[in-house]
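Engineer: As a plain string of letters, each chain reads:
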Amino acid sequence: MQTRTPSTVIVVGSGIVGAATAYFLAKRGVAVQLLDATAPAAEATGAADGAVSVASKRPGPMMQAALAGVELYRNLAKAGLFADVFKSRSTFIVASSDEECSVLTSHADALAGAGVRVERLGAAMLRERFPALSSNAMMAVEVHDEGHAIGYQIVHRLLTASGTIVARRTPVEGLVRASGGSRVVAVATPQGNLQADAVVIAAGNGSGKLLGLEQILTPRKGQLLITERVPPLNAAMAGSIMSGRYLLSKGSQPAGNGKPARGLGLVIDPLSTGQFLIGGTREDHGDRQTNDIDAVSRILADAVALVPELAAVRLLRSFAGVRTAVTDGLPLVGRIPGLENAYVATGFEGDGICLGPITGKVMSELVCGESPCIDIAPFNPARFDGLGVAA
Amino acid sequence: MRDPDILVIGGGPAGMSAALEAARSGLAVELVEQRESLGGAIYRQPIEGVQVIPQSAGARGRWAALSQAFSKAAIPVRFGSVFLGVDGHGYVLVENRQNGLVECLSPRAVVLATGAVEHVHPRPGWQFAGVSTAGGLQVMMKETGTAPRGSVLLAGSGPLLIAVAAQMARLGNPPLAIVESGDPYRRIMPGLSMLGFPKLLAEALGYLKDIHLHRIPWLRGSRLVRIERQGERFSAVVRAGDGSQSTFVCDRIGLHDGIRPNDYGLPQASSEAAAGPVILRAGDCREALGAIAAEADGRRAGRLAIQGVAASAADDIGKIDRQRRAQALLARLFAPVDDRSALDELADDTLLCRCEGKTVGDLRNLCQRVDSLTGREVKHNGRFAMGACQGRFCAANTAALMARFKPEAPASSAADLTGRRWPVRPVSIGALVRAASRDNDTQ
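These protein sequences, in sequence, are chains A and B.
Be aware that the first sequence starts at 1, since it is given in this note's numbering, and climbs by one per residue.
Be aware that the second sequence starts at 392, since it is given in this note's numbering, and climbs by one per residue.
Calculated directly from the structure, the hints in this document are not laboratory data.
Predicted model, so just to flag it, every value in this text is computed and none were measured.
Do not take every clue at face value.
[Stated by the list, open to error] Here are the computed lysine to any residue pairs in the SDA-like style, where the Cα-Cα straight-line distance is at most 20 Å:
| id | chain 1 | residue 1 | chain 2 | residue 2 |
| --- | --- | --- | --- | --- |
| 1 | B | K463 | B | Q442 |
| 2 | B | K797 | A | I165 |
| 3 | B | K797 | B | E736 |
| 4 | B | K797 | A | T160 |
| 5 | B | K797 | A | R168 |
| 6 | B | K797 | A | T38 |
| 7 | B | K797 | A | A167 |
| 8 | A | K27 | A | R4 |
| 9 | A | K209 | A | G334 |
| 10 | B | K797 | B | L720 |
| 11 | B | K797 | B | D739 |
| 12 | B | K590 | B | L720 |
| 13 | A | K78 | A | S162 |
| 14 | B | K797 | B | R731 |
| 15 | A | K78 | A | H144 |
[What the hints assert, rightly or not] One side only, chain B facing chain A, incomplete, derived with CB under 7 Å:
| id | residue |
| --- | --- |
| 16 | D478 |
| 17 | Y482 |
| 18 | L484 |
| 19 | G536 |
| 20 | V761 |
| 21 | R812 |
| 22 | G821 |
Just so it is clear, CB atoms sit at the ideal spot from N, CA and C, and this is done for glycine as well.
Model the full assembly from the supplied sequences, consistent with the hints where possible.
Structural biologist: Okay, structure coming up:
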């Protein structure tokens, strides 16, 4: 392990994780080269639902990481960096069936046990707090102190604040090692080899080919929807709504009949523009170019069932993104086995916006030889045997 | 539900001629039209009980022939229906505004003939209510048979301005003046070349005669540089070629700086049906060349739709080429006298995106960064092309300004800003919920 601060670091990938890593390294005075195969926030970060949330987490390392992630957003908002790009709000998990009520009740206990501030709202109370909600809603759990951030705005802010200039259209094709050694001296790009004292790979699904992780990383598509501005309805929503079914459906279900597996969850987030963001799907494939009416109409039917007034609102845009998922559901964060000065941070699936900034902080600590501020042992890439490096 | 073999989007000259041509094959053809009558913007039909305003003889003749042939062919038309896009599974999505349903159609080919939109350069004050496009005023006259009320100033560039002025005059309210940045009278070569297009020339001379008769000032080589509110009215500052400024007080302003394809958000043309229908474009939405070319281009697309493969149709291609030359000539004829673009001297507080309230200065700031942002980053971080109009007002201007502010950056197009996502028009969530998904009916 490295014990002193490197003077130059290459970060591969300018999504939220790479941009945050570059930001925290630059703050320490490290000269950072941030490379991207295309452009900042061009993949999952630019098409994310933006939840900065622990609401759907079960107790465990991901919940701990998410709690630290949310706290960092709050602190950076207070410090001014995220002042106008982090919206503080509650998440309301809404149950509309007996099955959902029982799952939600035990989920709320688990959240409370982990120190999360939650509040149970019975039907009458819920109606008062949330008049726009359908009478189908039987109960809800309000998870306090959560928030929303738009991935590409966070990236833009981090890059601007640290004065980081992204080398666009600069795909990294491999890591160049010192002869016979475990030390990376450069990354290979079509423009030639670029040298640095340390390398951080935060390239999402692009990390797979670079590090030989194709068996471990899988693309998982999500479709999202944006409405027009509806300030009165937006203002009447005390926070984002998550369907209790989301707790049941996290992780994709096989669809059968030869089609890729697809899960539907429902989140309705009132944005600070007065618009609503509505999502989404979890589909086990990597086509982010398209939205299909089947998914869109089903998501919207669920949304209208919970907030009937949405039926009269117009949909402005649909879009899709591809998350990077790890087969065991935990991200890869840490040093790459067999290499002394190369690190990876990817595989956050749907939690990249929440965990991006805290991961950037952790990576800056790792790269500079310090112990990380959160426990990342469960995310250690070494848990997978045969994690190799295409050099 | 039985799907048509060929679905045509848009009931203007391109869509109608595409449908006619395709129907000759005996295949089932249907046409989707968002309004309650055919004709498109160019042959917009008057609402019931209204006297038709006189159009040029050429236009009247073309419409008579096209509409008669179309009625004879008895092609089914879905009126009051709005094309939303082609989804990821290949379904063509159409919002039926008569019954509030989104219909999912599965034709073998779809011909997009969505026409043109007017191009309007941003100017200080262009966002005020009462400032519209000149073409918008023209469509209103075609529908209602009456001229816009009050004193009206027309400004911008191109032959449409004189057409609108002449039509206003015929309806009894000639505009105060036409402010034209070009000066066709000083462009001798392209002017002479127009002799090769006698129909267009005759139409233009007909309009000029009316303008002359009604003594409408045609201020060539002049620009409308600023619009200010003056009580209920506007004061419009016009700068002549010699730099002198004058002010017009008026009630309405019609702006026009040319036309461009209405291709916002449209799926890309494809000639191989991979996961959905063959997608073709026809008429002004493919290349904005006007009604004559649109009709020929519609026939070409109709034939392609039948074959599903590329084929040349020599007579139509010839007609389209000829109209392309005519439009190029008109562009030279109306080129700005001072050789500068209207985008060159915009003040930073000029509104660029009207939906999100973003200014020229906001864009300039983004472009002044050391690294060159892509069109998508400018959209995301500047909120250009993100509003309810889905980029129709600002995407082309934003892309053009980006190229001016940062010439060394890779050029972005309007489509880079808008993307190609459905719905291409905002659509009510209620209608989408009622969409009949068909993903399980074809197993």
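Engineer: Check the structure against each numbered hint from earlier and tell me which ones fail, lowest number first.
Structural biologist: Structure breaks hints 1, 10, 19.
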